[in-house]
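S.K.: From first to last, the protein sequence lines are chains W and G.
When we follow my numbering, the leftmost residue of the first sequence carries the number 1, and every step to the right adds one.
When we follow my numbering, the leftmost residue of the second sequence carries the number 1001, and every step to the right adds one.
Because the hints were derived from the structure by calculation, they are not lab data.
Note that the structure is predicted; figures quoted are calculated from it, not measured.
Keep in mind that the hints are not guaranteed to be accurate.
[To be verified] If we take Cβ atoms under 7 angstroms as the criterion, some of the chain G residues that face chain W in the derived model are: (1) Arg1037; (2) Phe1041; (3) Asp1148; (4) Ala1157; (5) Asp1159; (6) Glu1160; (7) Ser1167; (8) Cys1168; (9) Gly1231; (10) Val1318; (11) Pro1322.
[As the list claims (entries may be wrong)] Covered stretches of chain W, going by a simulated chain G footprint (3 or more residues, C-beta under 8 angstroms): (12) 159 to 173; (13) 176 to 184.
Idealized CB from N, CA, C, for every residue including glycine.
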Amino acid sequence: MNGKKNFYRSPFEEAGSSLEDVFHAYQDEKLRSLYFLKQLKTVKQSFGIGGFFMNCEECGTRPATLHVTKIINGEKTETHFCEQCAKDKGQFISGLGNFGINNLLAGLLNFDPMTKGVNNPQLQQSTFSPATRCETCGLTYAQFSKSGRFGCSDCYTHFGEKLDPLFRRIHGNTHHMGKVPERTGGQIKVKKELQQLKMALQQHIATEEFEKAAEIRDRIRALEQKIEQSK
Amino acid sequence: MSLQRFVEHPWTHWMKGEGPDSDIVISTRLRIARNLRHHPFPLLATDSQAEEVVRKVEEVNQSASMKKKGQFELLRMEELQPLEKKVLVEKHLISPNLAEESRKGAVILSEDEAISVLINEEDHLRIQVFLPGFQLKEAWDIGSKIDDVFEKQLNYAFDEKRGYLTSCPTNVGTGIRSSIMLHLPALVMTQQINRILQATTQVGLVVRGLYGEGSEAVGNLFQLSNQVTLGMSEGDIITNLYSVASQIIVQEREAREYLREHNQISLEDRIYRSYGILTHARTIESKEAAQRLSDVRLGIDLGYFPTCNPFVVNELLVSTQPGFLQYDAGQKLTVDQRDERRARVIRERLISPSEIS
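In isolation and in its complexed conformation, chain W is listed as follows (with noise of 0.2 angstroms):
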């Protein structure tokens, strides 16, 4: 995936789920619909991908003749292979039901800024172990990687921190900054609040805003009592 991040979503998208669909819908749209050619090239480019007639981006020799894409949820990936790599790449014509944002997660997944650039097969093992499972459901840390989606809520907590790099590639980053849930998230709910607070205090100390900083501080003082009273 060379780490790029493609967003755009092409106007070729047909929701085929064999091989031939997609390739004919393409070839379908290749021939209909030029304007769309041009707009795709040029948001290709934009991306650095090199326009639309691109090398296969397995061997990154041949030019690209068979164009995958693959959509699953509204989820949106799309490769590029020469006819050669594509025939040895066997499984992406045979078991294309299982290509697809996975294979971008994949690729995501893999790159760790620790391990990037370092060839030393024992580092990454150690970064990245693949039999780590998750005691809930059972899924393995290799197996995500493989289909880009957890077993059940608990993977998060079972993969852990080692999801941040993941989570950094696609969000940008790796914190929940928005709703927390009204019944179950009491705690939380004081906590973030509480967060707020603190960041507000420091700008009010910064502006010289005193008086505005002792309310904060006293309401920060009341929730953290909250919070005590409340373990």
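Assemble chain G onto chain W, guided by the hints.
M.R.: Showing chain G alone in chain W's frame:
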């Protein structure tokens, strides 16, 4: 209220043709992904585990707090005919994935079809709100309230650090995907669309075709949605999309004005020519229909067809889709038969546009 109602009429809430900026923003869609703690995600769940989720969700659906939100009905995918499912997909009430690939998949639909809750799609719950026009914040407010009703009675999978946990890592955090459907004929005609699409991809937004999940951009309709779900609040995600979309709307209006001033004759010719074809053709392919309907819609927005309602064009977007044509015919149709029927439906609808069923 019954299944019949949902599948017989092409019109649905989002296509009303009203709401802010509805000359350019056809509709606003927002979906919220949620999962239940202690239940494997649908992809890994056994049939009985998946059934358990449907049962729990249905319990909430029958509860008093849900009743307060309006009338809702649960439809199970396994009890629907393939064509019925196709119609629901074409109306955007369910996703193609739920229709075809889910096990024990179901949907809860509100009476006005503005809210649909997909059960056992990729996530246990996907709360979807569909509104006409440009109403991102309104959609989030409605969706969030429905979310609260479910949260009161179900144990959500939520993590302090990661937020709402989802099957796919691309949805984790807020779990929201907000999108708007934009009609941008003038930006396409003035060839500015490339530049604009490029810019949107660079600010973390995604552009795709009308039928989001795996579709192409036909009829100058583009769907714009957020990509990032983690590390931003729902408000920020929505504001981000809102401000980018507002810019595009301004650009489209300017492009329309430009065309009107500098290319009036060719613009009018294009619009009236398409109108002529749509009102007289005896057979028409879906792609041509979509393009011609786009021209007519632009004509309506520019005031060329005072008797024509934008609602009619929105409705035709759905009623000329293969699934709906076949459901309406009561049988499977060949491509040629569909093209013929499509031409007739459009003709009849455009010639007598005033009656809204």
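S.K.: I'd like to know which numbered hints this structure contradicts. Please list them from smallest to largest.
M.R.: 10, 11
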